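S.K.: Listed here are the chains, written in short residue letters.
Number of protein chains: 4
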Amino acid sequence: MSSIFGDRIKMTIFGESHGPAIGLVIDGLPAGVELNLDTINLEMARRAPGRSELSTARKEKDTYIIESGMFSGKTTGMPLCALIPNEDQHSKDYSILKNVMRPGHADYSGWIKYKGFNDYRGGGTFSGRLTAPLVFMGAVAKQILAARDIFIGAQITSVGGVEGTDFNPLGETAEVLLGLAKKNLPVLCSAYADAMISAIMAAKKGKDSVGGTVECMAIGVPAGLGEPYFDSVESRLAHVLFSVPAVKGVEFGKGFGFSTMLGSQANDAMYMSENTVKTKTNNNGGILGGITNGMPLLFKVGIKPTPSIALTQNTVDVSKGCNTTLEINGRHDPCIVQRAVPVIEAVTTWTILDLLLAANRS
Amino acid sequence: MSSIFGDRIKMTIFGESHGPAIGLVIDGLPAGVELNLDTINLEMARRAPGRSELSTARKEKDTYIIESGMFSGKTTGMPLCALIPNEDQHSKDYSILKNVMRPGHADYSGWIKYKGFNDYRGGGTFSGRLTAPLVFMGAVAKQILAARDIFIGAQITSVGGVEGTDFNPLGETAEVLLGLAKKNLPVLCSAYADAMISAIMAAKKGKDSVGGTVECMAIGVPAGLGEPYFDSVESRLAHVLFSVPAVKGVEFGKGFGFSTMLGSQANDAMYMSENTVKTKTNNNGGILGGITNGMPLLFKVGIKPTPSIALTQNTVDVSKGCNTTLEINGRHDPCIVQRAVPVIEAVTTWTILDLLLAANRS
Amino acid sequence: MSSIFGDRIKMTIFGESHGPAIGLVIDGLPAGVELNLDTINLEMARRAPGRSELSTARKEKDTYIIESGMFSGKTTGMPLCALIPNEDQHSKDYSILKNVMRPGHADYSGWIKYKGFNDYRGGGTFSGRLTAPLVFMGAVAKQILAARDIFIGAQITSVGGVEGTDFNPLGETAEVLLGLAKKNLPVLCSAYADAMISAIMAAKKGKDSVGGTVECMAIGVPAGLGEPYFDSVESRLAHVLFSVPAVKGVEFGKGFGFSTMLGSQANDAMYMSENTVKTKTNNNGGILGGITNGMPLLFKVGIKPTPSIALTQNTVDVSKGCNTTLEINGRHDPCIVQRAVPVIEAVTTWTILDLLLAANRS
Amino acid sequence: MSSIFGDRIKMTIFGESHGPAIGLVIDGLPAGVELNLDTINLEMARRAPGRSELSTARKEKDTYIIESGMFSGKTTGMPLCALIPNEDQHSKDYSILKNVMRPGHADYSGWIKYKGFNDYRGGGTFSGRLTAPLVFMGAVAKQILAARDIFIGAQITSVGGVEGTDFNPLGETAEVLLGLAKKNLPVLCSAYADAMISAIMAAKKGKDSVGGTVECMAIGVPAGLGEPYFDSVESRLAHVLFSVPAVKGVEFGKGFGFSTMLGSQANDAMYMSENTVKTKTNNNGGILGGITNGMPLLFKVGIKPTPSIALTQNTVDVSKGCNTTLEINGRHDPCIVQRAVPVIEAVTTWTILDLLLAANRS
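The listed protein sequences correspond, in order, to chains A, B, C and D. My numbering numbers the first residue of the first sequence as 34 and each following residue consecutively. My numbering numbers the first residue of the second sequence as 34 and each following residue consecutively. My numbering numbers the first residue of the third sequence as 34 and each following residue consecutively. My numbering numbers the first residue of the fourth sequence as 34 and each following residue consecutively.
The set of hints was computed from the structure by calculation and includes no laboratory data.
Which copy? The list can't say, so a pair holds if one copy fits it or any two copies do.
Quick list of in silico lysine-lysine cross-link-like pairs, DSS-like style, CA-CA up to 25 Å:
{"no.": "1", "residue 1": "Lys94", "residue 2": "Lys215"}
{"no.": "2", "residue 1": "Lys148", "residue 2": "Lys43"}
{"no.": "3", "residue 1": "Lys148", "residue 2": "Lys311"}
{"no.": "4", "residue 1": "Lys107", "residue 2": "Lys353"}
{"no.": "5", "residue 1": "Lys107", "residue 2": "Lys148"}
{"no.": "6", "residue 1": "Lys131", "residue 2": "Lys313"}
{"no.": "7", "residue 1": "Lys311", "residue 2": "Lys131"}
{"no.": "8", "residue 1": "Lys148", "residue 2": "Lys313"}
{"no.": "9", "residue 1": "Lys353", "residue 2": "Lys311"}
{"no.": "10", "residue 1": "Lys313", "residue 2": "Lys240"}
{"no.": "11", "residue 1": "Lys131", "residue 2": "Lys107"}
{"no.": "12", "residue 1": "Lys313", "residue 2": "Lys353"}
If you're wondering where the values come from, they're calculated on a predicted model, not measured in any experiment.
Generate coordinates for the entire structure from the input sequences, incorporating the hints supplied.
M.R.: Set out below in structure tokens:
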């Protein structure tokens, strides 16, 4: 189904960009987990709009109300519902878009699917706003995983054609991974940040937008998570990553780079290190046969440029069945890559927690 | 779960490389579909080993027995079980591999997960042999989709560093897509095939292996399939594609190429064509907001080199907890990219059929 | 999972009796359904407490806020979330029950399962209050089914030992089924209502409670819904019926009565009636082989007496690990059978709608 | 879906009564479980036909081939497929039944659903033969549960109107529960067996059939299994019990008997017994709020008379759309209650194992 996913930790998301509220229900949380709401607030703030000139001017504090599943500061083991009211809506911005389809958006495919009954204001359910519940889920999962010494972090490796540096595939420290969240732009080597920001601002000035690439790493993940075939770690992660709007590519370890390698280069040689099996390289991104091998989990995600641009575009008016042009003059992100970073961390964290809870078979 | 996937068409796969048989159960087929077994045989033969010098010398006819779900040549609407007996097994080839882990394979991650109880012969369930049931499923689904004028085809766009040409993203004909299956090496422009074959043979001679890239297209897919978020077409396709052994990257449309594009270049401009909405480019690979838009479905898959190589490799012996070296002297594929092509078509076909059956909501 | 169920119409419920709110998310509704909120309000009122001397004095209007999934008065096809705030809470009534387990309730089994972290106030998630979201779901489904001439109604056939009359198994009219909702006590033959009310009032006076039996019928259900084995109509209905608190028995058609019948009495003889196949009796309650046969759907549900009674009971204090006694002096229902009637109708309606949407396989 | 069920232990069943084979695939078994095949054979024999004058003369040894999931006598943790070939088929017995619908069977509902394409020979997939895979699953699960001191047994409490005695709701010994399987007719107090056999033989002589009631108990089940609402133990058990052909009623503990009890009689008073919480009665059958409370699990199942009888019956011919009569002269069971006993034990065992594996949430 569209809005429910997960195995041991099932999440249901709901809401439209300009409806009363968006939110989520989490089913399957262990009972007795003390949740630090400040940590959740910090994660929500990372994704929230209106925080810098790099993102949309729409201001949403993304405050939430926990409606169920918490009692005396701890999880009850029952479904946890968090409601995130919509606040700064400019619904009149969108009224003319009922019939004029925005290129690069879900307007036309959604109009066909929902026969014109879907809420077209701000993209409705297709809006990137629906990633706020994902971040909430991730912030809860991060707290559970941190207590087990599992840490997740993501960074921008390219934006608008400006490339940064990659993570060391053999592992980064928890400090490095967690430190990325505190940077203005989450880039491993800050030296590249200014050029990236310039690329974004140039696109903004040109009424255009840019895409980019995000790299994500998880350290401390035990060997043995996931299963062959349809519950492979790659399958499960790719499923939720491709549920994040604007994600169009996912590759694990060397990914598409494998296509030019020989098997003797691609295979990660193994060795014993203090009674633990390790690999000398990590081309496979910590996953073999769909199962984690104890090396850091590592993958990259390709993100397309924000479809909403102020330049004039050719499109159609479905009410009239004719061609027309469109200029989108709302409040839009010239780049969503930096806001996608906490979302990618969030769905990764959720997936690892889910696989961890499923791993106990006896 | 590991071995079951799908929504309206649920498939269960089972079997080990050196057990009595592998197979599948398909739940959810419409009743009354006349199945052409010759068509299924042809698809099975495309994937089967031992058919040319490019693949392993293991000979498996991949003949199957339909145990249920067919009556008088037609589907009954009940679960269809097909059993594929294992025939040409050289189990003694593998006995020394119980404790010595093959790099690049699932040996170590599986040994941890299954506590040493999994069938290590030929990779057991992790074997690429388990893709035969996937091809069977695809061959059934292809017949149902062909009757609705939906056609799927895949080709190799690169192997061992040798690149071919891409599909025209605005669409290829059914003849072109179906014709690929008849080629010695499924490459759109045959001019590139010889260089690719040379690269594979060079790797074979060097006791090594090569990886590559496969591109897949589906034409005739109606607009409106899939749903936002967790049932996005990208999520569903990536899930099954990453369940195919050796797949390490998936990108839709321009995929990672979006990261260097501007929004004005990336957005697919829309226009009316004979009362149908079309796009002038197809950078999004026929999917917007997770839902098909009526343009050809288009994506690429990155495949790593066969991990089984005859060169000496560094690895560990888990029974002794010490380092060791390994030479794999069985019958192996110097390249599995060409055998992956029908598998990628198969899981794509299955997914499209499943989304099609789920699309009717009223 | 605990809180999510359904196939084409998946419902997620959440909330605790004394938390901020309870609610539900419905995934899979067709787009463009005009929802009559008055109809939903009427159904909610049927279940709501504090409406007569037969039920608890807790007053809850069970008003709801639709947070998503509706736009311009119609469903969008996206997840519909309805929030039902908790209003009339007397939480101090419950504080002494943290460690003293109420017999007949989930207190002890829940305390074990959730390690003492579950919200014990008013039963927390185990509270019958969580049936309000079920009634909401049913009220939505009833509107969709009514447009297809499918009608559902339930009545009390026994309460506190006082028996009424059964439905005519060959069918009641829509008027009769819908008219039950308007009665003070939903009993087919009103003549039995007074004796039933007396039995309930006698139990109330005696600080005790009574149970009963509810019979439910659906007319207009087409033949061919459901599937053999795990999606049998009996399996699906029993699953949700046993999810309703206090339900301890479910039987279809003659149910346990079959155990004293001969096959020649039990089999429903078939005949043609105006080009339609009908049966002369309906002992099977409209279901054969797990699939509807076009006759009215008919089943009975056994409901236990309200566990909360004011009489002194023997129980344990889990904090001290010793025996103790308990008198429950809150606001409780002397009988919940009449409040269970709309809940049973609701889960039945939801299930029929779900099976109907799943029936289209081609 | 029709043929797949379970959470941690998912089972897929397939096959038709007169196809090549029936079988099952079990997904989710722990690795390293040593399976005693003799135990499985014994369970299969309990259900197999042709073993006494009480059941059909069709002879099926119900031997099976394990196609996958076992290696060196132990489970691998991978999907276990067992194939049960069909042997003693008299397909010509059934050819005239293509269009003449047998009353009490799924013939008509299945004909509608599958548009006439389902295998009508011997009921096809609707055949009770499909319960053989369920018994196989149960025989595997029993071995795993026995190692944890959890034992399941079932007995006939009534057949053809002849009543036996009930289990002691506070518990029977493992010896008593396991000993039932060795009896000619599984009845707690053998004194009642002769009268029951006479009732069955009288029905057989009269070309008729009888139904009955089965009671099932599980001891050693820990408190805390199951979850509120849709994963209540009652919901999960009822789901699979109603998937067993001919089951038309399920009640837990006092079940429908609750309807004439007062709350003060129905509530199970609690007390401490050697540091364990117990109840003085077990009216709730070991389940409160959908969760096990550590008392014996106890429920009853109502089974209808075998629909296949040799007496002349009124029915319809769907090819002609007219009334007709039918005499069923095959090999049929005058009573299936005794053969249902191992099936009911099997699905109960599977469900308990599944809930047990799901219970670990941290």
